[in-house]
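**Student:** Whole structure, please, built from the sequences with the hints as guidance.
Chains as they are written, first to last, in this note's numbering: chain A, 2 to 149; chain B, 370 to 437.
Calculated directly from the structure, the hints in this document are not laboratory data.
For glycine and all other residues, C-beta sits at the position ideal for the given N, C-alpha and C.
Don't take every hint at face value.
As the list claims (entries may be wrong) - From chain A, some residues computed to sit far from chain B (all C-beta separations above 10 Å):
{"id": "1", "residue": "LEU28"}
{"id": "2", "residue": "HIS33"}
{"id": "3", "residue": "ARG89"}
{"id": "4", "residue": "VAL108"}
{"id": "5", "residue": "TRP111"}
{"id": "6", "residue": "THR115"}
{"id": "7", "residue": "HIS129"}
Unchecked claim - Now the stretches of chain B that chain A is said to cover, found in silico as 3 or more residues with beta-carbon under 8 Å:
{"id": "8", "region": "376 to 384"}
{"id": "9", "region": "388 to 397"}
Here are the chains, one letter per residue:
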Amino acid sequence: MSVSESQLKRRIGVVVNYGLLVLTLLLSLTGHLFGWSVGTKVCFCLLAISVIVTFFPVHIRSGLWRLAHAKLETLDEREIQQNLQSLRHAYAVFTIASLLIILILVVFGWGGQTRQLAVFWVLFYLAHTLPSSILAWTVNRVPTKGEA
Amino acid sequence: MSRKLLAERIGVNVQTVGYLEREEYNPSLDLAFRVSECFELPVEMIFSPHPMLPLSEELYRRKRKEGD
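**Tutor:** Here it is in structure tokens:
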């Protein structure tokens with residue numbers, strides 16, 4: 002597989018994973034407005050599970066998670082620079098996402114416990130996965146376990 | 370010299386050598402000196418702000434200069 006092909010696959014994986022995450026969040030927000038029917042609850046659970054299922058190939062198996070969470074002693078100067086840059090971008094994206102979510106909650110109401118928990122888990126997930134997701138865009142080739 | 374051997378000698382990962390070769394990464398002064406030490410060449414022979422010309426073009430220019 003060529004470098005650009007694997008990079009494209011990683012990027013598509015990240016987009017799909019975050020797409021499912023956004024759908025889960027939207028469903029939790031609309032659940033409060035239109036009521037939590039059995040169908041909505043089932044959809045919510047399926048979406049939440051699909052986020053977790055897609056997390057493993059997109060972040061863990063691709064090696065992005067290992068690269069983003071590697072100890073600085075194990076990285077060389079270029080990789081340290083790359084990691085710090087990804088953390089910088091992740092911080093900016095996380096701040097914007099958090100503020101947008103807070104704004105939506107203020108406008109539509111904080112809702113019940115389910116919605117608040119969903120928001121908490123979405124922010125928790127974003128905080129941990131954003132650096133590795135940004136690396137999916139900036140890294141041409143992720144080093145294998147032996148190379149890292 | 371293979372990429373792997375060079376990477377081991379200068380203490381970086383193999384990918385970083387590739388980045389340096391493709392001019393996608395500007396090394397620190399410390400790394401630049403390690404590379405120059407490894408090849409036993411002055412640092413300005415290896416790294417330059419100007420793109421390096423192909424050897425054939427360089428030779429052709431020199432011959433032309435000598436001809437003038």
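**Student:** Against each hint, give a clear statement of whether it holds in the structure.
**Tutor:** Results for each hint:
1. LEU28: holds (40 Å)
2. HIS33: holds (47 Å)
3. ARG89: holds (17 Å)
4. VAL108: The assertion about VAL108 of chain A holds, with a minimum of 44 Å to chain B.
5. TRP111: holds (46 Å)
6. THR115: Fine: 44 Å to the nearest Cβ keeps THR115 of chain A off the interface.
7. HIS129: holds (24 Å)
8. 376 to 384: holds (count 5)
9. 388 to 397: holds (count 4)
Against the hints set out earlier in the document, no violation occurs for any number.
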